[in-house]
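Protein chains: 2
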Amino acid sequence: MSATRTRPRRATGIEGPVAILGLGLIGGSLARELAARGLEVWGFDADESATRDAYRAGVIARVFDGGLRALEEARTVVLAVPVDAAASLLERAAPHLNAAALVTDVGSTKRSIQSRAAALGLSPVFVGSHPMAGDHRAGWHASRRGLFDGARVDLCRSPETTPDAWKRARALWRAIGAVPAERDATSHDAEMAFASHLPQLLSLALAGTLASRGIPRKRLGGGGRDMTRMAASSVTMWAAILEDNAVPVLDALETCLAQLGALRGAVARRDRSAIEEAFRVGNGWSQDD
Amino acid sequence: MSATRTRPRRATGIEGPVAILGLGLIGGSLARELAARGLEVWGFDADESATRDAYRAGVIARVFDGGLRALEEARTVVLAVPVDAAASLLERAAPHLNAAALVTDVGSTKRSIQSRAAALGLSPVFVGSHPMAGDHRAGWHASRRGLFDGARVDLCRSPETTPDAWKRARALWRAIGAVPAERDATSHDAEMAFASHLPQLLSLALAGTLASRGIPRKRLGGGGRDMTRMAASSVTMWAAILEDNAVPVLDALETCLAQLGALRGAVARRDRSAIEEAFRVGNGWSQDD
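Chains U and D are the protein sequences, given in the same order.
The opening residue of the first sequence carries number 10 in my numbering; numbering runs sequentially from there.
The opening residue of the second sequence carries number 10 in my numbering; numbering runs sequentially from there.
Simulated from the structure, these hints should not be mistaken for laboratory data.
You may find that some hints are simply not true.
One-sided and incomplete, this derived list gives chain D residues near chain U with beta-carbon spacing under 10 Å [as the list claims (entries may be wrong)]:
no.: 1; residue: Arg161
no.: 2; residue: Leu210
no.: 3; residue: Ser212
no.: 4; residue: Leu215
no.: 5; residue: Ala216
no.: 6; residue: Arg222
no.: 7; residue: Lys227
no.: 8; residue: Leu229
no.: 9; residue: Asp235
no.: 10; residue: Arg238
no.: 11; residue: Ala240
no.: 12; residue: Ser243
no.: 13; residue: Ala255
no.: 14; residue: Leu262
no.: 15; residue: Ala287
Every beta carbon over 10 Å from chain D, so not counted as near; a handful from chain U, in silico [said to hold, decoys possible]:
no.: 16; residue: Asp56
no.: 17; residue: Ser58
no.: 18; residue: Arg61
no.: 19; residue: Asp62
no.: 20; residue: Ala79
no.: 21; residue: Arg101
no.: 22; residue: Ala108
no.: 23; residue: Leu129
no.: 24; residue: Gly130
no.: 25; residue: Ser132
no.: 26; residue: Ala151
no.: 27; residue: Gly155
no.: 28; residue: Ser167
no.: 29; residue: Asp193
No residue lacks a Cβ here, since even glycine has one placed at the ideal position from N, Cα and C.
Bound conformation, chain U alone:
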């Protein structure tokens, strides 16, 4: 059985079959890109209708059930489920990964999955991936071609990761137009707490604040709409991230609460110079883009 080939150009450096576990926004979009490049993609999703639709669309050439035995023939394996599910899925998949030359994931935190891979003896073939792509939508029906165009993908390896697996991980993301960059898993997670998880919490707190006063989203201007877009994000993905990365997230929250407290003080005191200083910092940071 082979995948529908919408573009006959073959990707180099990726070996099929590629098994993608989870066909949501990220996994589904990855499946579309790889299938379009002539790779044989196998997949499954806990949502049966997603699996069926992906198969009917010709994106996945083989559906395998939760037993995961079919993984024994896969050369490239991608976990594309929420970070907590990825850990247990990796455990269930581990006995069937003998043929895999690369095992990777797409989660927003990288430290715990790397530890889990090490505990399962998978370090030689495991590379953690975090594509900076996606939005507040979720599921197979949100998946699409082009999602990874020019997107940065942080890649994390352990000292035990083989050069071969590393090369394959870079080739995988490059082939679909993304830009891989090596990161240490711990510093990745610490930075993401500030750059991604904190913005998510601020957006949620703002939405909660507006909801508590009965102010609907349609009353907002462009700025307020930008600020609340992430409040529509999927709790399934985010609850797992916040739990997994709790310590760095709390650091980010405390830092931001201190900044907000200072702004509150400046507004309360009508302290124009303190307000001006906050804008000076914000404007300067914005320009350094």
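Following the hints, position chain D against chain U.
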């Protein structure tokens, strides 16, 4: 002297000459729309190069100096400067507004300018306007046609405002494609503290937090970039808004700090049900758009 007419269709219900004091993003864009509809627009800006460029572009047909005597011939007068400057400008303009059938402004707060108009005896011809348009850019060079297309404009009148002035204010905004809606000035300001001023402060606090950790904007994904766009906003405009609307803004800040504090507690306790509840509220609010 007459304005350059890029579109010969005349706007109905607006009487020229229209004097626009302040040719920044909002005043400049308004000038462009009115001139394009055949109205004679007069203008000035504290930034001489903005005034000169607007004149050279054929958008304003007459430049008047800060003496404001030329206002004596204007039938429609628009204050398009930051809210603190609008108050003092209105005071300086008041002796010259005998011919004006409509005096309005475009500020983000409406209570204090309405009080000032009342104190100056201008209530019969004064209608406060707040167009929900604009972005983090500022100045004449950011001004453009189309800025007000479909934009809501909150209009506030006092009991002394004449039906004629009210009709003119509605006609002015409708003519350029905006959607005017009547609001009480006090409730407008209270709502804006939550819907606009709080998002601005959150964006600034987030930028300050990221700056404090040396995380540049380019490390952010789409969500984080959305959340920090307002950090590039002009302090000139915002310091005045925050000062003028300090009491409602502090209410909004306190409410949001309580929400963030609750989220911090949920993350610290690994309290998944509290996290889920916050997302349930945020998701529900997002859908009600």
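We went through each hint and held it up to the structure:
Taking 10 Å as the C-beta cut-off, the interface hint given for Arg161 (chain D) holds, the closest approach to chain U being about 8 Å. A cut of 10 Å between beta carbons decides the hint on Leu210 (chain D): the least distance to chain U is about 5 Å, and the hint holds. Hint on Ser212 (chain D) holds. Least Cβ distance to chain U is approximately 6 Å, under the 10 Å limit. The restraint placing Leu215 (chain D) at the interface with chain U holds, with a minimum CB-CB distance near 6 Å, inside the 10 Å limit.
Here the hint on Ala216 (chain D) is kept, as its CB sits about 4 Å from the closest CB of chain U, short of 10 Å. Annotation: Arg222 (chain D) was flagged as interfacial toward chain U, and the flag holds, the nearest CB pair being 6 Å apart, inside 10 Å. This hint holds: Lys227 (chain D) has a C-beta 6 Å from the nearest C-beta of chain U, less than the 10 Å allowed. Interface hint status for Leu229 (chain D): upheld, as the beta-carbon distance to the closest one in chain U is roughly 5 Å, under 10 Å.
The criterion of a C-beta within 10 Å of any C-beta in chain U is met by Asp235 (chain D), whose closest approach is roughly 4 Å, and the hint holds. A least Cβ separation of about 5 Å between Arg238 (chain D) and chain U falls short of the 10 Å threshold, and the interface hint therefore holds. Among the interface hints, the one on Ala240 (chain D) holds; its C-beta lies about 4 Å from the nearest C-beta in chain U, closer than the 10 Å criterion. This hint holds: Ser243 (chain D) has a C-beta 8 Å from the nearest C-beta of chain U, less than the 10 Å allowed.
Against a cut-off of 10 Å between C-beta atoms, the interface hint on Ala255 (chain D) holds, since the closest Cβ of chain U lies about 5 Å away. Of the supplied interface hints, the one on Leu262 (chain D) holds, with its beta-carbon coming within about 5 Å of a beta-carbon of chain U, less than 10 Å. A hinted interface residue such as Ala287 (chain D) counts as satisfied when its beta carbon comes closer than 10 Å to some beta carbon of chain U; here the least separation is about 5 Å, so the hint holds. Distance check for Asp56 (chain U) against chain D: the nearest CB is about 18 Å away, which clears 10 Å, and the non-interface claim stands.
Separation of Ser58 (chain U) from chain D is adequate, the least Cβ-Cβ distance of about 21 Å exceeding the 10 Å criterion. Its beta-carbon lying about 26 Å from the closest one in chain D, Arg61 (chain U) satisfies the requirement of being farther than 10 Å from that chain. Listed as outside the interface, Asp62 (chain U) is consistent with that label: its C-beta sits roughly 23 Å from the nearest C-beta of chain D, beyond the 10 Å cut-off. Distance check on Ala79 (chain U): its Cβ is at least 32 Å (rounded) from any Cβ of chain D, clearing the 10 Å threshold; non-interface status holds.
No beta-carbon of chain D is positioned within 10 Å of the beta-carbon of Arg101 (chain U); the least distance is around 22 Å. Taking the minimum C-beta to C-beta distance to chain D, about 34 Å, the non-interface status of Ala108 (chain U) holds against the 10 Å cut. Every Cβ of chain D is farther than 10 Å from the Cβ of Leu129 (chain U); the closest lies at roughly 24 Å, confirming the non-interface assignment. With a least beta-carbon separation of about 28 Å from chain D, Gly130 (chain U) lies farther than 10 Å from that chain, consistent with its non-interface assignment.
The claim that Ser132 (chain U) lies off the interface holds: its Cβ sits roughly 27 Å from the closest Cβ of chain D, which is beyond the 10 Å cut-off. Every C-beta of chain D lies more than 10 Å from that of Ala151 (chain U), the closest at about 13 Å, which supports listing it as non-interface. Remark: the non-interface label on Gly155 (chain U) is consistent with the geometry, its nearest Cβ contact in chain D lying 13 Å away (cut-off 10 Å). In this structure Ser167 (chain U) is separated from chain D by more than 10 Å, as the shortest Cβ-Cβ distance comes to about 23 Å.
No Cβ of chain D approaches the Cβ of Asp193 (chain U) within 10 Å, the least distance being about 14 Å, so the stated non-interface status holds.
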